[in-house]
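The lines below spell out each chain.
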Amino acid sequence: MITLRKNEKIYLIKRRHPIVLRLELLPEVFIFFAILVLMTFLLFMPLPSLPEWVIEFAPSLLEFEIRGLLLFSLSFLLLIFWQVIWLTITNYYLDSWIITNKRTIHTELRGLFSRIVSSVPHDRIQDITIDVHGILPTVLHFGDLHIQTAGEFREFIFRQIPDPYKTKEVIFEARREFLKALKKEDA
Amino acid sequence: MIALILIFLSIAIIVFSLISAIIIFYHFKRFALSADQNVKKILNVFKFGIIILILLNLFFLILTLF
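Protein chains in written order, with this note's numbering: chain U, 1 to 187; chain B, 1 to 66.
It is possible that some hints are incorrect.
Claimed, not checked - Derived lysine-lysine pairs resembling DSS-like cross-links, with alpha carbons at most 27 Å apart:
| id | chain 1 | residue 1 | chain 2 | residue 2 |
| --- | --- | --- | --- | --- |
| 1 | B | 40 | U | 9 |
| 2 | U | 183 | B | 40 |
| 3 | U | 9 | U | 168 |
| 4 | U | 168 | U | 180 |
| 5 | U | 9 | U | 180 |
| 6 | U | 9 | B | 47 |
| 7 | U | 6 | U | 168 |
| 8 | U | 6 | U | 180 |
| 9 | B | 40 | U | 6 |
| 10 | U | 168 | U | 183 |
| 11 | B | 47 | U | 6 |
Just so you know, these hints were derived from the structure itself, not from any lab.
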């Protein structure tokens, strides 16, 4: 787990806007519930017998009840979609930006077996820019926040976060406090 | 023959589910914030869901075979 340093306090945890997750999950959840409805339908409705061409193609199918076979296949799909839904949620939940009183931490999933954790101390921050474009981001107040950093640190991008302007203020406030604390330590 | 295929499919999906569960648990344990209380709840929902669906899959397999 990501553990904080001594005397480090969390100011803000940011993830992508929930609407982004909902839009990603919509087709997966729809298929999941469609399978559930179909299974309920199969459990209670009478089924016609197998067509003749199917029986000719695979006569051993007659040994099994068609309802059981269909329910087994659908439960198989249900299990697959449950995992797909949770992989999407994991990807959303663990792509986060944590602003503390000392640094900004970023964790990002790049494929199932590749995750990046990076952090930048507040004194390295040079500039912050906000990028909101499109109808949905403008209406729902979410967008990208870019942090330009000095030295070997790369550019930090908070993607599709809600309230990017408020986040910018929090980062600048944290930076001010961090620099003040650094000056005190030097003195 | 079909019974064997069904059993093989069932075992394959259970193994696949367990592997994906391990990956999801690993990511949450390794990369979530230690102070985050929601992680436990999220993992519990996932865990119970996957157990129920595996049992449902096995139930329908038994129902089909016997």
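For each hint, the structure was consulted:
no.: 1; hint: 40/B <-> 9/U; in the structure: holds (21 Å)
no.: 2; hint: 183/U <-> 40/B; in the structure: violated (40 Å)
no.: 3; hint: 9/U <-> 168/U; in the structure: holds (18 Å)
no.: 4; hint: 168/U <-> 180/U; in the structure: holds (18 Å)
no.: 5; hint: 9/U <-> 180/U; in the structure: holds (16 Å)
no.: 6; hint: 9/U <-> 47/B; in the structure: violated (31 Å)
no.: 7; hint: 6/U <-> 168/U; in the structure: holds (25 Å)
no.: 8; hint: 6/U <-> 180/U; in the structure: holds (18 Å)
no.: 9; hint: 40/B <-> 6/U; in the structure: holds (24 Å)
no.: 10; hint: 168/U <-> 183/U; in the structure: holds (23 Å)
no.: 11; hint: 47/B <-> 6/U; in the structure: violated (33 Å)
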